[in-house]
Amino acid sequence: MAAVDLDKLETAIKYVQRIADGCNPVNNVPMEEDAVLNNPNVIRCMFFIKEVLEEVRRNGGVIGGRKPKQEKAPFPFEILKEFRYERDQSITYLLKQIQTPVEGQDIKKITARTVTDWMKTAGYLTMAYSEEVGKETTMPTVKGKELGIYTEVRSVPGNTYLAVIYNQKAQEFVVQNLEKMVNGEAADDAEA
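Numbered continuously in our numbering, the sequence shown closes out at residue 257.
Any given hint could be a false lead.
Below 35 Å or equal to it, Euclidean Cα-Cα: the simulated DSBU-like pairs (lysine-lysine) are [claimed, not checked]:
hint, residue 1, residue 2
1, Lys173, Lys245
2, Lys73, Lys234
3, Lys234, Lys115
Treat the hints as calculated values from the structure; they're not laboratory data.
Construct the entire structure; sequences and hints are all you get.
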């Protein structure tokens, strides 16, 4: 088992978190939307890296060895009462906004995949071929568009993709149904 420098580990966690938040890791200034580090795949990767680094921190900087995995506390859905619409945004950024009050606590995080999969099952999103980006991607259905979900073409070097954006009505719908989404409850019981 090897140990790492805990000061360097804290700096690495801070920088990875800044990148995941869409900011320059050094000066914490928001990056342009088309910056390669703002790509959804890179952001998801940064959140994963952050989880790994935080696990190393919980192990006291020790890499390797096995500690019994502790169960995380369930997400406190009561904080959803405090939700306030800020701007139209993707599900990744909406969940980040929702989970900010419990950041740093040992609470089970809600993933974009949980929400997106539920929205597909409920008929608000689907996988379809997009002429705009020339590939199959997640897109809103007619029902999703009526709810307030739309897409924007975005580009980063080497990749053009459709960002799925939720307006105020769609975000409030997600917040109202988030507990159902996490619990895997049937989508047909959703409140629109």
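35 Å Cα cutoff - pair Lys73, Lys234: Violated, at roughly 43 Å.
* Asked: Can the restraint linking Lys173 and Lys245 be considered satisfied, given a maximum Cα separation of 35 Å?
  -> holds, 15 Å
Exercise for the section: Verify the proposed pairing of Lys234 with Lys115, using a straight-line Cα cut of 35 Å. Expected result: Roughly 31 Å between the alpha carbons, so the hint for Lys234 and Lys115 holds.
The structure fails hint 2 only (numbered hints given earlier).
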